[in-house]
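**Student:** Take the sequences, apply the hints, and build the full model.
Residues 204 to 355, numbered by the numbering used here, are exactly what the sequence shown covers, in order.
Careful, some of the hints might be misleading.
As the list claims (entries may be wrong) - Label pairs and their calculated CB-CB ranges:
1) Asp-332 to Pro-308: 34 to 42 angstroms
2) Gly-331 to Ile-240: 28 to 36 angstroms
3) Phe-328 to Ser-236: 18 to 26 angstroms
4) Thr-330 to Phe-234: 30 to 38 angstroms
Just so you know, these hints were derived from the structure itself, not from any lab.
Heads up, the beta-carbon is just placed ideally off N, CA and C, and yes, glycines get one too.
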Amino acid sequence: MTVRPRPRLGLGLLLGYYAISLVYAGTRPSFVSDKMIETASTVVNACQIQTGVTTADIESVRDGQWPESQELKCYMYCLWEQFGLVDEKNELSLNGMLTFFQRIPAYRAEVQNAINECKALGKYFATGDSCEYAYTFNKCYAERSPRTYYLF
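**Tutor:** This is the structure in structure tokens:
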């Protein structure tokens, strides 16, 4: 599935995405505010429509289950694109996420380690498929840093 580029959103929303883009047994991390979720809702809705992902698949991820639907995988990549997290090589650029978590010392090392491990793992298993890359990264990250993961 090809995900069409959309206008990039601001850094504040980008940081909000990464604060939110993460699974903690159905609950969200304490630093994820209602305002962040509200701000991201337009992008979330657009990506749901664009990819055809079901709300049930998204909720399954929040509950620790990882459906292997192509729509879910492309939804994750769509979020990356919409929040400006994709670089010129169509790879994940995590500077915004790292900057956000620098302000939360309790998570800093955990997040850095998860990012380093999962970015390489995602690229290895994706074999050029952007949607697979996003899914593999998200699943890896949720396993390595569950207290900072929540998927919109």
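**Student:** Each hint: holds or not?
**Tutor:** How the hints compare with the structure:
Restraint check, Asp-332 to Pro-308: a C-beta distance of roughly 36 angstroms satisfies the suggested window 34 to 42 angstroms. The supplied range of 28 to 36 angstroms is met by Gly-331 and Ile-240, whose beta-carbon atoms lie about 32 angstroms from each other. Look at Phe-328 against Ser-236: about 33 angstroms separates their beta carbons, and that is not inside 18 to 26 angstroms. Our hint of 30 to 38 angstroms for Thr-330 and Phe-234 holds, since their Cβ atoms are close to 34 angstroms apart.
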